[in-house]
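*Asks:* So the chains spell out like this:
Number of protein chains: 2
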Amino acid sequence: MSPHIDDVSASARIADPGEGISREELALAARNHALPLEALRYDVTPPGLHYVLTHYDIPAADPSTWQLTVQGDVRRPLAVSMDDLRSLPSTTVRVTMECAGNGRADLTPRPVSQPWLVEAVGTAEWTGVPLRTLLADAAPGPGAVEAVFTGADHGVERGVEQDYARSLPLSVAAGRDSDVLLAYAMNGHPLPPQHGHPLRLVVPGWYGMAHVKWLRDIRITDTPFTGFQQAEAYRLRQDPGEAGEPVTRIAPRSLMIPPGFPDFMSRSRVVRPGTVRLEGRAWSGLAPVTSVEVSTDDGGTWDTADLDPAGGAPWAWRRWEYTWTAAPGRYVLTTRAHDAGGHVQPVDPPWNRGGFANNAVQRVDVLSLHHRG
Amino acid sequence: MSPHIDDVSASARIADPGEGISREELALAARNHALPLEALRYDVTPPGLHYVLTHYDIPAADPSTWQLTVQGDVRRPLAVSMDDLRSLPSTTVRVTMECAGNGRADLTPRPVSQPWLVEAVGTAEWTGVPLRTLLADAAPGPGAVEAVFTGADHGVERGVEQDYARSLPLSVAAGRDSDVLLAYAMNGHPLPPQHGHPLRLVVPGWYGMAHVKWLRDIRITDTPFTGFQQAEAYRLRQDPGEAGEPVTRIAPRSLMIPPGFPDFMSRSRVVRPGTVRLEGRAWSGLAPVTSVEVSTDDGGTWDTADLDPAGGAPWAWRRWEYTWTAAPGRYVLTTRAHDAGGHVQPVDPPWNRGGFANNAVQRVDVLSLHHRG
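The listed protein sequences correspond, in order, to chains X and H. Per our numbering, the first sequence starts with residue 1, numbered consecutively. Per our numbering, the second sequence starts with residue 374, numbered consecutively.
Derived by calculation from the structure, the hints in this document are not laboratory data. Glycine residues also receive a C-beta, built at the ideal position from the N, C-alpha and C atoms. One should not assume that every hint holds.
Covered stretches of chain X (in silico footprint by chain H; criterion: 3 or more residues with CB under 8 Å from a CB of chain H, positions within the stretch not fixed) [to be verified]:
1. 15-27
2. 43-55
3. 102-113
4. 267-281
5. 328-335
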């Protein structure tokens, strides 16, 4: 038998009941990483703590020869260098980004893929050129409907060899409200390799799959894009045969900095009885966060946290805090965000075959115990 | 029953035969991260790609009030600020650092802890004050035998509440050859939070557990340290009752940049038939690397790779390359390092209850396939 790509690339699957995390899932968890939850203390996530997901390999990129092309259904095709981009007026936007698969490993049954728990998130200040600037220059035709963004990362997924590519409706890509950026800097420094060096797309409010890294081409099309990452992956499906709804904007979520100190292995927390300040962050890509609630009895009862003002960063998480008086004992702390669109985090995980957009509440095990108790 | 610390902190255990990775192990894998193997291409690992292991939480540190104390069996106890340290003569050392638990998840049976595969490694340029400078100033007494280093990270492990602390023999800590550093910068920038900001120990050639982060105290003692991380953890034991040998210097290892491109889920590689350049890095904390071998038939036969000159960085990994002519088919590529002490990587993993120092050879699954083949 001659070799075939399917020898190394299998179909999507759902884990068997009770099946532990596989070596393949572990290999993804070793490469990709989440935000250590105590890093929720920073308004802007320091380098190396922001979550990272890379489908294939991190490409080796030379910014001096990097070229971004804009082509397809446009009047003026463009080919711009990094120097060209840096010479254009730039803007800086603070954005909370979250992986669409965040929460997947807590689903039952578990879709087998990158096994995120709850912390695949981070907030950065991205600097670059508004996408609408370049699109206005290229001048899409009257029948144009989408922009397709292609990265330099190349691999195989479920038997399909591909460069990573995703599309946006032209109304989103060129919209005045959406602040879609061609970003070349993160927190004031050139992009790190794993965040798309030298150029990536940033789509505020959308899950991470839309923020195409190592961006090298934008194609304007007059038909919707049917590539793998648009039509096969990143769809909300209950059954394999469905077309499914596309994954787009980030559902609301609140996360707590686990209080006290941890046990190394269980990550359960130990606090001292008395006053315990709880603190966290909340965000939604659907609408502004309006309130955050905290429960110290595993969701039995809820109380309202103090939410910091929104400030000038509409696409970034908001800080909240709550004072808890802890008696000795064991607790499960939870928190949930509400947004202005009437969305609220569910207590039970919403399930789909891809394990996307599971914004069920975080649960933190806490033991309240006197010292040497 | 009143709550007890053992309610959240269990004894060490070995996974049952066939037991998948547990949720607890996954939670550690989500926080801590390894080097994506393609990042072996960089001489010095860029920010965020260097492996990280944190036993407890990353402390919030204020460098303006940070103080390092040197006390115990010394003639002149010291208390120095970060400004004091930065005013002393500094040195910069390029160091390859590896977690002592690297390779643990590939052991059978598997010790349950941070489930590393093979890539818990990274190379950085550390800048700081040689430890011997401060020790000479403090002047240890004639009976002093060890220096105990304590970090600001606090947690519980197997029922023992503790600040992370490790010791070094005074001959290593104050030695002229060993370049032990009080490091305040990594790759020319202040330490990131997860790498010990504002101050950490760097012990070139030793596994990561010795490089105490968030360093706040050095105690000179006239008896060997018996703290948890020295006498309980980080020992090579076959049986639970043994004292065991301490984990110290890094055993030799060679890693390959997986060639070609990956399947997302299996991480198996696809290359085109013909000439394939293989490239990687090799290091040893025991003695200089003297040769690297490559096998394209899963260790059946070995051929010698081209090893770059050692250059001026004796504690850093060395680059190697090898040209492979790939016929269509499936392969398992492996590589192994030899050092001047006569050590060589084993094909079969060396087992101990902690899963430490498993430097068995890396195995890379490759499919050689014509395009659209």
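*Asks:* Compare the structure with each hint and give your call.
*Replies:* Status of the hints after comparison with the structure:
no.: 1; hint: 15-27; in the structure: holds (count 9)
no.: 2; hint: 43-55; in the structure: holds (count 8)
no.: 3; hint: 102-113; in the structure: holds (count 3)
no.: 4; hint: 267-281; in the structure: holds (count 4)
no.: 5; hint: 328-335; in the structure: holds (count 3)
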